[in-house]
Amino acid sequence: MEDVIIGLEIHVQLNRLKSKMFCGCSTAYHNSPPNSHTCPVCLGLPGSLPVINKKAVEYGIKVGLALNCKIEEETFFYRKNYYYPDLPKGFQISQYDYPLATNGHIMILGDDGAERNIRINRAHMEEDPGRLVHAGTIDKAKYTMVDYNRCGMPLLEVVTEPDLTSPKEARAFLDKLKSILEYLDVFDGSLEGSMRVDANISLKGGDRSEVKNISGFKGVEKALSYEITRQKNLKRRNIKVVQETRHFDEIRNVTVSIRSKVGAHDYRYFPEADLAVLRIASWVPAIKSTLPELPDAKRERFVAQYGLADDHAKSLTSEIKLANFYEAAAARASPKLAAVWIADVLKGELNYRDLSIESFRVEHMTEIVQMLETGQITEDGAVQIIRALLDKKGDSTSKIVKDLGLGKAEDDVVQRAVREAVAESAAAVADYRAGSERALNFIVGMVMKKTRGKADAGEVHRLVKAEVERV
Amino acid sequence: MLAELRNRLRAESCEEHLLQLFERIEKSELNGFTTLARECALEEARQFDKNPGKGLLAGVPIAIKECISTKGIETNCSSRILRGYIPPYDAHVIERLKAEGAIIMGKTNMDEFAMGTSTETSSFGPTRNPWDKEYVPGGSSGGSAAVVAGGEAPCALGSDTGGSVRCPASFCGIVGLKPTYGLVSRYGLVAYANSLEQIGPLTHTVEDTALLMDVISGHDRRDSTSAEGERHSYLPGLHDGVAGLKIGIPREYFGEGVNKDVEKAVWDGIHTLEGLGATWQEVSLPHTRYALAAYYVIAMSEASSNLARFDGLRYGLREGEDKDWHTTFSAIRAQGFGPEVKRRIILGTYALSAGYYGRYYLKALKVRTLIKEDFLRAFKDVDILASPTMPIPAFKIGERINDPLSLYMADVFTVPINLAGVPAISVPCGFSGRLPIGLQLIGPHFGESKVLRASAAFEAATAFHEAKPEVI
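For the record, the sequence lines run as chains A and B.
Numbering-wise, my numbering puts 377 at position 377 of the first sequence, and it's gapless, one number per residue.
Numbering-wise, my numbering puts 1059 at position 59 of the second sequence, and it's gapless, one number per residue.
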């Protein structure tokens, strides 16, 4: 296995903010007509001036703290100069020296199953450019349209050190980052284009390529895998990897060169004199006090407080909404049983339907766990209730139990069915006596049929065995 | 003058007054106005005649420099690249003017994007000096100064990045103030060099400048560099005189390179103030000789970035067939900008480039700090400073336009003020032949009251502001 070196730059839209980075325009532009969420400031009209959204900087500091970064004493903005149709001022207000946050780190689960520390180089604030829209694919479209609704969205760029060693680890890092951002309530990952990734990748000793603007975590994994294969093939044929910028074509699943280092930009960074220097050190204590419990801490607490297996605790804390759902259920039903049913069953059923945890009511989960605890339903029945609720075939657990006849059968009914089944299965009984343990399954099946699945299969097996040995 | 005009308009007809001004403008050879908002202004005048408001400038017509955003009125910075651009919003100062009842007459000619000292770099052709049409009116707010001096508008707004209000005020024999950086909101001022510039009034009298400052100054949260604090009035105490006022004479602002007539007129002015009870002493601003270099590096660097937005995509010039992005925007910029603007964009781009940034831009910022410290030190000993506004009277149209360096040199006494961010005024103090000369009075940060008080005292003791050019 050759050494792979990956570093990520992640552009995170702080889309839980109400207004844009430097103007009062609303951030809720999704599903709006193009260019309807704009004003002289975010359109960069002549004479307009930016005003810092202080809340955005607070959010940035919050993320910096959660990523264990050092927050600078003071921070200010720079102009990053380049010409592009989506950039209406001809420069992007960004940061350069003295970014908001530096030198952080977070833990991820490495490929070898061990925890790995991934260093964060910096996190800085900037404004999102507009969006180019192409009819068809980027290389075939006849013309380009520009939508400035996104222009001026508050962005936080998080830059890692080149500490990641595989596409899978890159994915794990992104999952963890997303989880932290959602815990902080600064980010909604469900909105299109809310997180975009630039990935730098090289084989040890070789030059690196940068794959720009990949949206979606699956896209990152695919783009990186493609790049590793491409670079390895070049190496095998003794061709040097060119240091260049590449674009990930999501449709063809390949990366294509868009710019070589020779034509690299000189962004002519210089301080943005229209904005004041922010002395942020004094903001930190107040912001620190608002930091919520983060995923790692919550996981440890779940293990300690509820006695959960680490796997379950990890699964339940991966999303803040899921963790809150679990804790609400655990407050009124067996925490251990709730963990198993939420992490192992409900999550899978949600994923299968591409639904989020908000599609399921915590009261329903509590009722299901309680019914399981008291033996009113079987595990099979519980699964069926969950499915019925998700598929909108009912919205009351007790009614579903009744409608689908999921109530566990009374013992005497089961006993009678067992006696009948054993009496009716002379051949199977003979086979069992001749040494075939499997022959009992036939009788168990008959009992289940007679009780229409309401009996507990394990219990039935025990009863059948006892009856056969009795007669 | 404006207060008097305000009362007269109330008694007579504002519409009539405006019609007379527009008639005068139509016959004018000054080329001071670029766009007239005739119909809109006349409509407002009729409204005023029906129901005169109570604002500080109720019914008063005003001319606005091309680079100040006016809703519904073309704002093109006298550049081809912005022809046809009609802003959807008013600059802060325009909102303030309208709130106080002023009537926007139209827009005035300027050096393209305020880059110049003579109004010759305008794509509309040069504006002429009302005192002698062969001469430049100064720049870059040459249109605003010429229309006021030439009687086409009672007052105007200009902008001053390195002397662009004071220079044309000096050349045209009127009053022009560059306020402290941050005193007047820049929201809506099309940026040339945003860390240096301020909007300022151009008027016949000091009192008129004070009145306009009362209207346009004050905090605006849309400009992050706008100073906080209560709105201030410059009218009370304006005529309190200069008894005991200590005036510093910066030695670096006299001597070599200064026209003899200018030097004499300025010294006469200083002696006039002395006669009114002020005292003067020589002071030194030792880093003055580095000011021009620092100013041009900073201004051009900022300009290279500020003017990057003019790509023809969203507004302004759009000519020829669309090709790929780089070809198209490059072609538009090549056609849309004049040679002086291109020169400054290219020099500024160079100064900010990797490898040169430290050598030019950062060094210029250090010089800027030293120059600011020069002023802070001087103002420990004196209340205000006095100097020539320009080292020379107006020059002939065409005389210097092909020698940019000599044009840049003419800004030697005005640019240090912008680098330091302090306020300075130019008041008429004499003539060289037919051409006016300006006395520059410089105050400490937010020391407008002192500067205006000294100017008012000087004006009251002299008659230069009463002289009128013979124009049609």
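Treat the hints as calculated values from the structure; they're not laboratory data.
Please note: incorrect hints may appear among the correct ones.
[Stated by the list, open to error] List time: in silico DSSO-like cross-link candidates among lysine-lysine, alpha-carbon distance up to 30 Å: (1) K1366(B) / K70(A); (2) K1071(B) / K18(A); (3) K336(A) / K408(A); (4) K1323(B) / K212(A); (5) K140(A) / K176(A); (6) K140(A) / K1323(B); (7) K399(A) / K449(A); (8) K232(A) / K222(A); (9) K1071(B) / K54(A).
[What the hints assert, rightly or not] Pair ranges (Cβ atoms, derived): (10) A276(A) / S1284(B): 23 to 33 Å; (11) E250(A) / E1373(B): 51 to 61 Å; (12) K70(A) / L1362(B): 19 to 29 Å; (13) W1325(B) / L234(A): 29 to 39 Å; (14) A276(A) / E1023(B): 39 to 49 Å; (15) K1363(B) / E250(A): 18 to 28 Å; (16) S1406(B) / C39(A): 55 to 65 Å; (17) P1088(B) / L132(A): 20 to 30 Å; (18) R1318(B) / E161(A): 53 to 63 Å; (19) T144(A) / K1071(B): 22 to 32 Å; (20) L1362(B) / N351(A): 52 to 62 Å; (21) L234(A) / K1071(B): 31 to 41 Å.
[What the hints assert, rightly or not] Okay, the calculated bits of chain A under chain B, using three or more residues with CB under 8 Å as the criterion: (22) 46 to 57; (23) 85 to 94.
We put the beta carbon where it would ideally sit given N, CA and C, even for glycine.
Range hint 29 to 39 Å (beta carbons of W1325(B) and L234(A)) holds or violated: For L234(A) against W1325(B), whose Cβ atoms are near 30 Å apart, the range 29 to 39 Å holds.
T144(A) paired with K1071(B), Cβ distance criterion 22 to 32 Å: Check passed, 30 Å falls within 22 to 32 Å.
Hint consistency between K140(A) and K176(A) [alpha-carbon to alpha-carbon, up to 30 Å]: Measuring from Cα to Cα gives roughly 36 Å; hence the hint is violated.
Satisfaction of the hinted span 52 to 62 Å by the C-beta atoms belonging to L1362(B) and N351(A): Given a distance of about 54 Å, which is inside 52 to 62 Å, the answer is holds.
Restraint status (C-alpha distance of K1366(B) to K70(A) at most 30 Å): Holds: K1366(B) and K70(A) sit about 29 Å apart, inside 30 Å.
Straight-line alpha-carbon gap K232(A) to K222(A), limit 30 Å: holds (15 Å)
Straight-line alpha-carbon gap K1071(B) to K54(A), limit 30 Å: Distance ~29 Å between K1071(B) and K54(A) Cα, so the pair holds.
Consistency of beta-carbon spacing, S1284(B) to A276(A), with hint 23 to 33 Å: holds (32 Å)
Satisfaction of hint between K408(A) and K336(A), Cα-Cα up to 30 Å: With a Cα-Cα distance of about 22 Å, the restraint between K336(A) and K408(A) holds, given a limit of 30 Å.
Whether the CB-CB distance between K1363(B) and E250(A) falls inside 18 to 28 Å: violated (47 Å)
Satisfaction of hint between K449(A) and K399(A), Cα-Cα up to 30 Å: holds (23 Å)
Coverage assertion for the region 46 to 57 of chain A with respect to chain B, Cβ distance below 8 Å, three residues required: holds (count 7)
Checked against the numbered hints given earlier, the structure breaks hints 5, 15, 16, 18 and 21 and satisfies all the rest.
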